[in-house]
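Listed below, chain by chain, are the residues.
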Amino acid sequence: MSERVPILKIGDVLLVSIQIDLEDQMVMDLQEDLSQRIVDTGARGVVIDISALEIVDSFVGRMLASIAAISRVLGAETVVVGMRPAVAMTLVELGLSLGGVRTALNLEQGIGELRRSRRNGSVPR
Amino acid sequence: MHESPITGNGDVVKARQAVRVLAQEARLSLVDQTKLVTAASELARNTLSYGGGGTMRASIVTRGTSTGVKVVFSDQGPGIPDLDLALTDGWSSGRGMGLGLSGARRLADEFTLDSAPGKGTTVSVLKWAR
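As you go down the protein sequences, you meet chains G and Y in turn. Numbering of the first sequence is given in the working numbering, commencing with residue 35 and proceeding in unit increments. Numbering of the second sequence is given in the working numbering, commencing with residue 4 and proceeding in unit increments.
These aren't lab readings, by the way, just hints derived from the structure by calculation. Please note that a few of the clues may not be correct.
Going by beta-carbon spacing under 7 Å, a handful of chain G positions derived as facing chain Y [as the list claims (entries may be wrong)]: (1) 87; (2) 89; (3) 92; (4) 120; (5) 129.
Computed list of chain Y residues with no C-beta within reach of chain G, every gap over 10 Å [claimed, not checked]: (6) 13; (7) 34; (8) 45; (9) 65; (10) 79; (11) 88; (12) 90; (13) 123.
Note that CB positions come from ideal geometry on N, CA and C, so glycine has one too.
Can you make the complete structure from the sequences, with help from the hints?
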């Protein structure tokens, strides 16, 4: 059995902090685990912290985009936080702009983003 | 010269780490390290998904006063029938996003692709220290 990325719950926000270089299977498992946790907890927001990631390739980039899309369908807003500048420059040159994914510089701003969009009611349920 | 098999998912992670070590040794900037490692990650996954596995060879190269890192992936898979098409953004014969080859080419300073149906595929990326 492969290692899994832990998902923490803080109020109605799920926090995923990716701390290690991910194997593809872990990426797929995370997508599945997170979808299930959103449904189980009724979470309204998801924050994915990638500040420890040294690279984001198209596989992980696609995973971030699909997690954001899946959570939205399940009534939760996703914010990806902590992307390193070198990673951002590489992603854009690679051809992935993560158009459908909300991002914030750090965890604090990410949580702030979620609060703001909650007030504006951008994810009605 | 670093040589490693690309035969399972864990090998993609190992390939990234090996390229990172060489890129640091060759004194590539952080951004260039990230670009090269990302390109290697794309190509390692291609080797696995489309080539049915293969090998990665990575080494530090010098030309004149320049130092860089060259990473070569080769497989004995089905090969690529149409190289131009395979290098088109967004075109994929599999489930990917079609950014692997074209993205790796953009991220590298030098890129070569050698493939024919039934002959396998060899693809290389090179990044120079600035």
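Now for the hints, and whether the structure bears them out:
Checking residue 87(G) against chain Y by beta carbon gives a least distance of about 10 Å; that is not within 7 Å, so the hint is violated. Below 7 Å, beta-carbon pairs count as interface contacts, and residue 89(G) has one with chain Y at about 5 Å; its hint therefore holds. The beta carbon of residue 92(G) comes within 4 Å of a beta carbon in chain Y, closer than 7 Å, and the hint placing it at the interface holds. Look at residue 120(G): its Cβ gets to within about 4 Å of chain Y, closer than 7 Å, so that hint holds up.
At a threshold of 7 Å, the smallest CB-CB gap from residue 129(G) to chain Y is about 5 Å, leaving the interface hint in force. Interface exclusion of residue 13(Y) from chain G breaks down, the closest Cβ pair being 6 Å apart, not more than 10 Å. With a cut of 10 Å on Cβ distances, residue 34(Y) falls inside the contact zone with chain G, its closest approach being about 5 Å. A beta-carbon of chain G is positioned within 10 Å of the beta-carbon of residue 45(Y); the least distance is around 6 Å.
At roughly 24 Å, the least C-beta separation between residue 65(Y) and chain G is larger than 10 Å, which holds for a residue marked as non-interface. Even its closest Cβ contact with chain G, about 22 Å, leaves residue 79(Y) beyond 10 Å, as expected for a residue assigned away from the interface. Even its closest Cβ contact with chain G, about 16 Å, leaves residue 88(Y) beyond 10 Å, as expected for a residue assigned away from the interface. No beta-carbon of chain G is positioned within 10 Å of the beta-carbon of residue 90(Y); the least distance is around 12 Å.
Non-interface call for residue 123(Y) relative to chain G: holds, since the shortest CB-CB distance, roughly 22 Å, exceeds 10 Å.
Hints 1, 6, 7, 8 from the earlier list are contradicted by this structure; the remaining hints agree with it.
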